[in-house]
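Trainee: Sequence:
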Amino acid sequence: VRLQTLIDHFTFSIYKNICRSLFEDHKLVFSFVLCVGIQRSNGTLDEDLFKYFLTGSLDVSMDFPNPSPDWLNNKIWIDIIQISKLPQLKDFKDLMKKNNKEWKAYYNSKTPQDENNSYLNQRSDIERLNILKIMRPDKVIQGIQIYVTRNLD
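Heads up, the sequence shown is in the numbering used here, so the first residue is 121 and it goes up one at a time.
It should be emphasised that the hints constitute simulated quantities derived from the structure, not laboratory data.
Note that this is a predicted model, so its numbers are computed, not measured.
Hints are not guaranteed to be accurate.
Claimed, not checked - Okay, the calculated beta carbon distance ranges per label pair:
(1) K210 - T125: 34 to 44 angstroms
(2) Q265 - I127: 34 to 44 angstroms
(3) P185 - I138: 32 to 42 angstroms
(4) R243 - L174: 28 to 38 angstroms
(5) S229 - I127: 34 to 44 angstroms
(6) P189 - R160: 33 to 43 angstroms
(7) C139 - L174: 35 to 45 angstroms
(8) D258 - F132: 49 to 59 angstroms
(9) P189 - L215: 10 to 20 angstroms
Think of the CB as a built atom: it goes at the ideal place given N, C-alpha and C, for glycine as much as any other residue.
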């Protein structure tokens, strides 16, 4: 316990001192990198989901027809198909089709990073961040802020 307290204090001290020398725009990037580094060292970060967050999908084939072409563009649908190939989100594609109105509301929300639904409530923070990146890439910065706040304490 004592050693962990020292490590936590030392980490926070370094964090504060480095943040003083960073431009405001770079503080979030540093906080995110630090948060991910801590999670990696603790073994609490899902590497597959983190890799997907960084690289996205390289596949551009649409294996299944878009269930909602009126509001869901094909790029997003392809990404949903691809992320559903990961075991952690294997049911996402099917739930997307099943709960179409709920996901349309999420997509059209002014603050999707703050949205909760029955599916998102059961997801880890990195899973939620990936879903946000796919559905609303314009809100990823706000999603990262929430991710860091929840995981860097």
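Trainee: Please go over all the hints and tell whether each is borne out by the structure.
Mentor: Hint check results:
Taking the beta carbon of each, K210 and T125 are about 40 angstroms apart, inside 34 to 44 angstroms as hinted. The hint said 34 to 44 angstroms for the Cβ distance between Q265 and I127, and at roughly 24 angstroms that hint is violated. P185 and I138 have their C-beta atoms about 49 angstroms apart, which leaves the hinted 32 to 42 angstroms range violated. About 18 angstroms separates the C-beta atoms of R243 and L174, a value inconsistent with the hinted range of 28 to 38 angstroms.
With their beta carbons about 39 angstroms apart, S229 and I127 fall inside the hinted range of 34 to 44 angstroms. In this structure the supplied range 33 to 43 angstroms holds for P189 paired with R160, their Cβ-Cβ distance being about 39 angstroms. The hinted range of 35 to 45 angstroms is not satisfied by C139 and L174, whose Cβ atoms lie roughly 23 angstroms apart. Judged by the Cβ atoms, the range 49 to 59 angstroms given for D258 and F132 is violated: they are separated by roughly 32 angstroms.
Between P189 and L215 the beta carbons are some 18 angstroms apart, a value that agrees with the proposed interval 10 to 20 angstroms.
When held up to the earlier numbered hints, the structure conflicts with 2, 3, 4, 7 and 8 and fits the remainder.
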